[in-house]
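> Given the sequences, and given the hints that come with them, work out the whole structure.
Residue strings, one per chain:
Protein chains: 2
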Amino acid sequence: MYLENIKKPEDIKSFSSEQLKNLADEMRELLIKKVSTHGGHFAPNLGMVEATIALHYVFDSPKDKMVYDVSHQTYCHKMLTGRAYGFLDENRYDDITGYSCPEESEHDFFTVGHTSTSISLASGLVKARELKKEQGNVIAIIGDGSLGGGEALEGLNTAVELDSNFIIIVNDNDMSIAENHGGLYGNLKLLRDTDGKAECNLFKAVGLDYVFVKNGNDIDELIKAFNLVKDSTKPVAVHICTQKGMGYKPAQDDRETFHWTMPFDRETGKTLMSFEGEDYGTLTADYLLEKMKKDEKIVAITAGTPAVMGFIPEKRKLAGKQFVDVGISEETAVAMASGIAKGGAKPVFGVYSTFMQRTYDQIAQDLCINKNPATMVVFCASVYGMSDVTHVGFYDIPMISNIPELVYLAPTSKEEYFAMLDWSIEQNKYPVAIRVPENGVISSDRPVKTDYSELNKYEVAQEGSKVAIIAVGSFFELGKKTACDIQNKLGVKPTLINPIYLTGLDIELLENLKTEHDIVITLEDGCIEGGFGQKIASYYGKDSMKVLNYGLKKQLYDRYDIDTVLKENHLTSEQITEDIKQIL
Amino acid sequence: MYLENIKKPEDIKSFSSEQLKNLADEMRELLIKKVSTHGGHFAPNLGMVEATIALHYVFDSPKDKMVYDVSHQTYCHKMLTGRAYGFLDENRYDDITGYSCPEESEHDFFTVGHTSTSISLASGLVKARELKKEQGNVIAIIGDGSLGGGEALEGLNTAVELDSNFIIIVNDNDMSIAENHGGLYGNLKLLRDTDGKAECNLFKAVGLDYVFVKNGNDIDELIKAFNLVKDSTKPVAVHICTQKGMGYKPAQDDRETFHWTMPFDRETGKTLMSFEGEDYGTLTADYLLEKMKKDEKIVAITAGTPAVMGFIPEKRKLAGKQFVDVGISEETAVAMASGIAKGGAKPVFGVYSTFMQRTYDQIAQDLCINKNPATMVVFCASVYGMSDVTHVGFYDIPMISNIPELVYLAPTSKEEYFAMLDWSIEQNKYPVAIRVPENGVISSDRPVKTDYSELNKYEVAQEGSKVAIIAVGSFFELGKKTACDIQNKLGVKPTLINPIYLTGLDIELLENLKTEHDIVITLEDGCIEGGFGQKIASYYGKDSMKVLNYGLKKQLYDRYDIDTVLKENHLTSEQITEDIKQIL
Numbered sequence: 002m003y004l005e006n007i008k009k010p011e012d013i014k015s016f017s018s019e020q021l022k023n024l025a026d027e028m029r030e031l032l033i034k035k036v037s038t039h040g041g042h043f044a045p046n047l048g049m050v051e052a053t054i055a056l057h058y059v060f061d062s063p064k065d066k067m068v069y070d071v072s073h074q075t076y077c078h079k080m081l082t083g084r085a086y087g088f089l090d091e092n093r094y095d096d097i098t099g100y101s102c103p104e105e106s107e108h109d110f111f112t113v114g115h116t117s118t119s120i121s122l123a124s125g126l127v128k129a130r131e132l133k134k135e136q137g138n139v140i141a142i143i144g145d146g147s148l149g150g151g152e153a154l155e156g157l158n159t160a161v162e163l164d165s166n167f168i169i170i171v172n173d174n175d176m177s178i179a180e181n182h183g184g185l186y187g188n189l190k191l192l193r194d195t196d197g198k199a200e201c202n203l204f205k206a207v208g209l210d211y212v213f214v215k216n217g218n219d220i221d222e223l224i225k226a227f228n229l230v231k232d233s234t235k236p237v238a239v240h241i242c243t244q245k246g247m248g249y250k251p252a253q254d255d256r257e258t259f260h261w262t263m264p265f266d267r268e269t270g271k272t273l274m275s276f277e278g279e280d281y282g283t284l285t286a287d288y289l290l291e292k293m294k295k296d297e298k299i300v301a302i303t304a305g306t307p308a309v310m311g312f313i314p315e316k317r318k319l320a321g322k323q324f325v326d327v328g329i330s331e332e333t334a335v336a337m338a339s340g341i342a343k344g345g346a347k348p349v350f351g352v353y354s355t356f357m358q359r360t361y362d363q364i365a366q367d368l369c370i371n372k373n374p375a376t377m378v379v380f381c382a383s384v385y386g387m388s389d390v391t392h393v394g395f396y397d398i399p400m401i402s403n404i405p406e407l408v409y410l411a412p413t414s415k416e417e418y419f420a421m422l423d424w425s426i427e428q429n430k431y432p433v434a435i436r437v438p439e440n441g442v443i444s445s446d447r448p449v450k451t452d453y454s455e456l457n458k459y460e461v462a463q464e465g466s467k468v469a470i471i472a473v474g475s476f477f478e479l480g481k482k483t484a485c486d487i488q489n490k491l492g493v494k495p496t497l498i499n500p501i502y503l504t505g506l507d508i509e510l511l512e513n514l515k516t517e518h519d520i521v522i523t524l525e526d527g528c529i530e531g532g533f534g535q536k537i538a539s540y541y542g543k544d545s546m547k548v549l550n551y552g553l554k555k556q557l558y559d560r561y562d563i564d565t566v567l568k569e570n571h572l573t574s575e576q577i578t579e580d581i582k583q584i585l
Numbered sequence: 002m003y004l005e006n007i008k009k010p011e012d013i014k015s016f017s018s019e020q021l022k023n024l025a026d027e028m029r030e031l032l033i034k035k036v037s038t039h040g041g042h043f044a045p046n047l048g049m050v051e052a053t054i055a056l057h058y059v060f061d062s063p064k065d066k067m068v069y070d071v072s073h074q075t076y077c078h079k080m081l082t083g084r085a086y087g088f089l090d091e092n093r094y095d096d097i098t099g100y101s102c103p104e105e106s107e108h109d110f111f112t113v114g115h116t117s118t119s120i121s122l123a124s125g126l127v128k129a130r131e132l133k134k135e136q137g138n139v140i141a142i143i144g145d146g147s148l149g150g151g152e153a154l155e156g157l158n159t160a161v162e163l164d165s166n167f168i169i170i171v172n173d174n175d176m177s178i179a180e181n182h183g184g185l186y187g188n189l190k191l192l193r194d195t196d197g198k199a200e201c202n203l204f205k206a207v208g209l210d211y212v213f214v215k216n217g218n219d220i221d222e223l224i225k226a227f228n229l230v231k232d233s234t235k236p237v238a239v240h241i242c243t244q245k246g247m248g249y250k251p252a253q254d255d256r257e258t259f260h261w262t263m264p265f266d267r268e269t270g271k272t273l274m275s276f277e278g279e280d281y282g283t284l285t286a287d288y289l290l291e292k293m294k295k296d297e298k299i300v301a302i303t304a305g306t307p308a309v310m311g312f313i314p315e316k317r318k319l320a321g322k323q324f325v326d327v328g329i330s331e332e333t334a335v336a337m338a339s340g341i342a343k344g345g346a347k348p349v350f351g352v353y354s355t356f357m358q359r360t361y362d363q364i365a366q367d368l369c370i371n372k373n374p375a376t377m378v379v380f381c382a383s384v385y386g387m388s389d390v391t392h393v394g395f396y397d398i399p400m401i402s403n404i405p406e407l408v409y410l411a412p413t414s415k416e417e418y419f420a421m422l423d424w425s426i427e428q429n430k431y432p433v434a435i436r437v438p439e440n441g442v443i444s445s446d447r448p449v450k451t452d453y454s455e456l457n458k459y460e461v462a463q464e465g466s467k468v469a470i471i472a473v474g475s476f477f478e479l480g481k482k483t484a485c486d487i488q489n490k491l492g493v494k495p496t497l498i499n500p501i502y503l504t505g506l507d508i509e510l511l512e513n514l515k516t517e518h519d520i521v522i523t524l525e526d527g528c529i530e531g532g533f534g535q536k537i538a539s540y541y542g543k544d545s546m547k548v549l550n551y552g553l554k555k556q557l558y559d560r561y562d563i564d565t566v567l568k569e570n571h572l573t574s575e576q577i578t579e580d581i582k583q584i585l
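The listed protein sequences correspond, in order, to chains A and B. In this text, residue positions in the first sequence follow the working numbering: the first is 2, and each later residue adds one. In this text, residue positions in the second sequence follow the working numbering: the first is 2, and each later residue adds one.
All the given hints hold, so there is nothing to weed out.
Because identical chains cannot be distinguished in the list, a pair is counted as satisfied if it fits within a single copy or across any two copies.
Straight-line C-alpha distance at most 25 Å; calculated SDA-like pairs for lysine to any residue:
#, residue 1, residue 2
1, Lys543, Asp580
2, Lys543, Asp507
3, Lys64, Leu229
4, Lys235, Glu180
5, Lys430, His392
6, Lys515, Asp580
7, Lys490, Ser466
8, Lys34, Glu91
9, Lys543, Glu517
10, Lys467, Tyr540
11, Lys318, Ser165
12, Lys235, Val59
13, Lys9, Lys22
14, Lys134, Lys298
15, Lys295, Ile313
16, Lys543, Leu511
17, Lys482, Tyr459
18, Lys294, Asp280
19, Lys467, Asp486
20, Lys481, Glu279
21, Lys134, Leu290
Hints in this document: simulated from the structure, not taken from any laboratory.
Set out below in structure tokens:
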């Protein structure tokens, strides 16, 4: 075992070529062992074993600074920079994050989880080095999939202006999470097919020097190339061709499934997690496929994450031209959706909440100012969603619900979600976003309406008095439970309200509440600041109505335990009932 | 006069080449006449006269759909599509907007004012046409300056995937608002220098067909090229080289000054508007230049709008390497700022509020999750700022103040602004944004503090009782006036508070207010929903304190009269005093 003795990158500098190759085998074995039992990003890391070794062999981290894009491929970097324990010791698997993390190591420079940021972030390190007249290489490492994102393309365009040492490693495994989409991938293919010799070269077109590495899983070839560009005084792109999933056949054969994976049987590659229930992704794809059959104007759009709304490869094939993957280009996805709606067809853009952040201006300008009736389906906007600090999705309500003209709907059940989706697709007045519930697929115990065009009409699910609970989306279940608790413990039957709309107030209902109620509580599965409940508090500001807003405090959250976070934010029915007891 | 008789684009189809040229002369004369007396976008429109005529001569709008990027260059399009009155008749100059506007004409498809959106928006029209099996050309018209923005580059990358008629006219005048920055401009130059024949071709690299037009101000040459691509069944880029400012020598000689201009003397080109007072742009540039001399780690950053913080060409030259223009790439600007701060230098990114929207994810992820101490200076975030619907800048408080870790400061005076800027540049703990006041440059009548590192400590500017006025930034003056009015008319001396921080509450102060106050009013020069005041309302939700939030209702605003908007939103001291009278 080499890795047990590698505490810092220098420790591999004296290795022979043979030893480096053995080290690669060892690292690959650890990747397979950890991810097959623990889950994680898999195929991208398998492809980057040799390149990571070669980078640390040639460059001197942290004086030479490596910035990994999206950081789905940093496991090997972590192994070589003092964090091998996170792979060698099963009990310490969770001691390291799955992403680049400066708090863990001086060899990491940014906390990264969104794609397409590395070149622009690294360009700042270059500029700082120049201003401070320091030495050292700055190296951005970006995958071909990430290259199509706006920030990456901007960064690529800007790099040459720095006119100084700046090494951009393009890790071309001919794959995004799913297959690549975009014209630049034709150019990457041309370059691969011509051993980098084609005259028409995207990197040269934006002014970069260019080095091609045919076998990006060959350590010797990589070392030669990296030595060539080390201490370069000009921005240079090093295009390395790697095999995603290298060394584990099921991952090589099905690179999409093994991009990120739950634990699996290493012999067969079959997943160890069986999930029997319904999920909104699959339900959404199936609903849309049915609807597409009847209406050829319906088109589903993804920005590089087709699985978010259940469009696994077979279903993409079924949808045909009615499914568009723009690659990791959320800005274009929203603008295109606006254009499609303007053109009289019916676009549905499915997106993780955390990545919707990448397209704020397109939502505000391209879509909402133009009032085009496109539909956005927002997933994982919830405390029950993803919990890595870069993937937390519950800042969406402050972000988009305050954009004029947008209608943001918060369904509380499966039936309500599909009624809203159906309405949204068929209406032609409003840009609509729908916040998919994240507390499991729950059926409604109430009839749901089919027409949402009379905006901001809330639903009274239970009539009561004294206390009114306005419970949004995923938190409607918490509202129900709290209503029960209050009735049982305090002898008061509260009114329970499903507000449906996050983008406006039901003034008539709020006014009516004044006659029989003293307290309104709002429950939202989102950041409380700038959110829905504060609008209610503001509305009642000059009245005697007491308003208690419940939601998640504005702060960073990272790899949290849901129950702990809920408790810390007073988001259990017991705590809320106790609060009410104090006031009543 | 031809234009008086041109009511629709068909009206020029029968024109001879000679007549088209005469029409161009006539249109250019109208542009000079209107803009010299009225102000507006000038040099971009002068350059596009011939291309617009040729487009309408060859294509059949609105069946063929033209989407203009940023729409700084749509005046000629408006002249040919039934809106010549907006140029022929001085009394009707304001009857048309300065941007593409679907409400005005069926020949406009989107309301556009931000750059880099045309290709992605038009791609939606292409997709809708294909889904609906309709006919017609879709034409995106984009300037070279806009091409460097992330959304444009994403769109360019995505276009070829549509595999259908899609014509992208690249209007290359070798200029952004200021000079271009970015590697792709080297490629455009190479293509110009080789009459489009160079093998290394950015457009071909992303899979597009390519047509070069050497003289983009020659109608015959343009018509030939447009006829060549009309009804093309593949995406194609038509690279036309035009002269920005064509036909008006002062504008040809100083393309930056004449990009957008206030009224000027057409003989000399000298501006007719004299402005004697101070402005925050100039003050900021001068402050930074002084500071740069003493500290070579300070660097000012712009995303294609150097004038926003006063960096006119001479001052850019003085700043040298300490000034970076990344082109119209706000995403890269913020990520680079984060990287520069991480690298130990001191970045200051100056940006119009409306364009800050283009970089939400980079603020949240690249900057704030990483807690890097970069400074963003936000201009025109105010009802007193720009008033075109696409340029309104007062949605910033809901947008960024709810992002964890950001410190958003709202200075009330010149002294406070520079104290904050100085503190922010020198501190190394927080990502900071500063909201530059927009109600003129006002000197403080109170001493200002120099250290803002104890977060969320509000300033009590006047001690009083019963009513507390918390007045943010530009609206502090309104707060002062309201405090006077209340004292004079109602006999109550209010407490007046400058909250300084938009990103947190001063709990101690808010608690203390409870003892002597019954009413808190908040005044913010921004969208009220999701903003600052609603946090105060929420804080007092379960208390008897009455809270009145004043600000701007969430809605679209377009070319508004400030006083009318202020009145409609109850934002005069008289109205507020009257409201208080009702409650006291």
